[in-house]
Structures are given as C-alpha cells and as structure tokens.
Amino acid sequence: MELVTVIILLGILSVAAVSRMVSPADFAPGMVSAATASQFRFARALAFAREDTSVQFVIAVVGTDWQITSSTLADGPLRSEQVAQGATSLALDNGAFSGSVTVTEPLRITFASNGDLASASLGTQSLDPSLGLRLQISGDSDRALCVYPNGYLLT
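Note that the working numbering gives residue 113 to position 113 of the sequence shown, counting from 1, and the numbers run on in steps of one.
By construction, these hints were calculated from the structure, which means they are not laboratory data. Predicted model, so just to flag it, every value in this text is computed and none were measured. Treat the hints with caution; some may be incorrect.
Okay, the calculated beta carbon distance ranges per label pair [unchecked claim]:
{"no.": "1", "residue 1": "Ser-38", "residue 2": "Ile-8", "range": "22 to 28 angstroms"}
{"no.": "2", "residue 1": "Leu-3", "residue 2": "Ala-144", "range": "45 to 51 angstroms"}
{"no.": "3", "residue 1": "Gly-95", "residue 2": "Asp-65", "range": "27 to 33 angstroms"}
{"no.": "4", "residue 1": "Leu-3", "residue 2": "Ser-80", "range": "51 to 57 angstroms"}
{"no.": "5", "residue 1": "Asp-75", "residue 2": "Ser-100", "range": "27 to 33 angstroms"}
{"no.": "6", "residue 1": "Val-62", "residue 2": "Thr-124", "range": "17 to 23 angstroms"}
{"no.": "7", "residue 1": "Asn-150", "residue 2": "Thr-124", "range": "21 to 27 angstroms"}
{"no.": "8", "residue 1": "Val-62", "residue 2": "Ile-7", "range": "45 to 51 angstroms"}
Think of the CB as a built atom: it goes at the ideal place given N, C-alpha and C, for glycine as much as any other residue.
Please take these sequences and the hints and turn them into a complete structure.
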C-alpha cells in the first residue's frame, strides 16, 4: 500500500515538473506544420469538389500569428486558421528560388480542378508549380513539407 502511494505521488510530481519545464513554444514548428498540412489538404480536396471555381491556399503573417486560409473565387474564404507564430519562420524553395513568408510576402497557391498546382507565388514573385515547393518551418526544431506538382503533400 505504501509503495502504491509513493508511486502515485511521484507520478503527480513528475507531471507538475515536466509541465513547468516544457513551454508551448517548444511545439510551435510542429503546430504550424500540422495546421499548414491540414489546411493544404482541405484546399486540394476542395479543388476536386469545386470544378466550377478556382481554389486558393494562402499562408500569411497577420500580427503575431500565421494565418492559413483556403478560399475560392466564387465564395471567398471558406476555412481559416491562425497559429501563434512565436519564434517560427517559414522558408520556401522552388527550384533555384528561395524566399521566406513575411508580412509583405504571403505564399499563395492556386489549385487546378484536378488537384494539381496551377500557380504559386511568394509576394510578387511568381513560382514555377511544375517544380513543386518545399516549405521549411523552423524554430526550436525544423519541419519540412514537400508539395509535388500534382498537389501531393509529403510531411
């Protein structure tokens, strides 16, 4: 009985100690990566379902957050998610071009009705969708998302 009590008390103390040592910022790259992948997959599925309109996926910096939005030309924004930016950064590679998503340079991806990448841009810089995209989300850890020209996302 005493051993069980000691084990329970040690468990409670370890949970309290770990929660004080780990901050939510430690998980920021993972949260941004998961939100980006989820919103991207939603936008691609929407492109398949809505052949009558263009579907766009946008990642932008709004205040201190990443805003990730899926929209159509016909309906406007359909789904938007904000994730705390914290100390994360989002870099993009497209062939020989490299850049970062900033307040003035959002990433925009437009899907064709078959789910392929129709166009992409970072701010005013047009990207080549036939080369695919590599998104590098950095912070305390790094996460990469690779977007193939057919719209397939590899996490």
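Verification of the hints:
1. Ser-38 with Ile-8: 22 to 28 angstroms: violated, 37 angstroms
2. Leu-3 with Ala-144: 45 to 51 angstroms: Given a distance of about 46 angstroms, which is inside 45 to 51 angstroms, the answer is holds.
3. Gly-95 with Asp-65: 27 to 33 angstroms: holds, 29 angstroms
4. Leu-3 with Ser-80: 51 to 57 angstroms: holds, 52 angstroms
5. Asp-75 with Ser-100: 27 to 33 angstroms: holds, 30 angstroms
6. Val-62 with Thr-124: 17 to 23 angstroms: holds, 19 angstroms
7. Asn-150 with Thr-124: 21 to 27 angstroms: holds, 26 angstroms
8. Val-62 with Ile-7: 45 to 51 angstroms: Check passed, 47 angstroms falls within 45 to 51 angstroms.
Checked against the numbered hints listed earlier, the structure breaks hint 1 alone; every other hint is satisfied.
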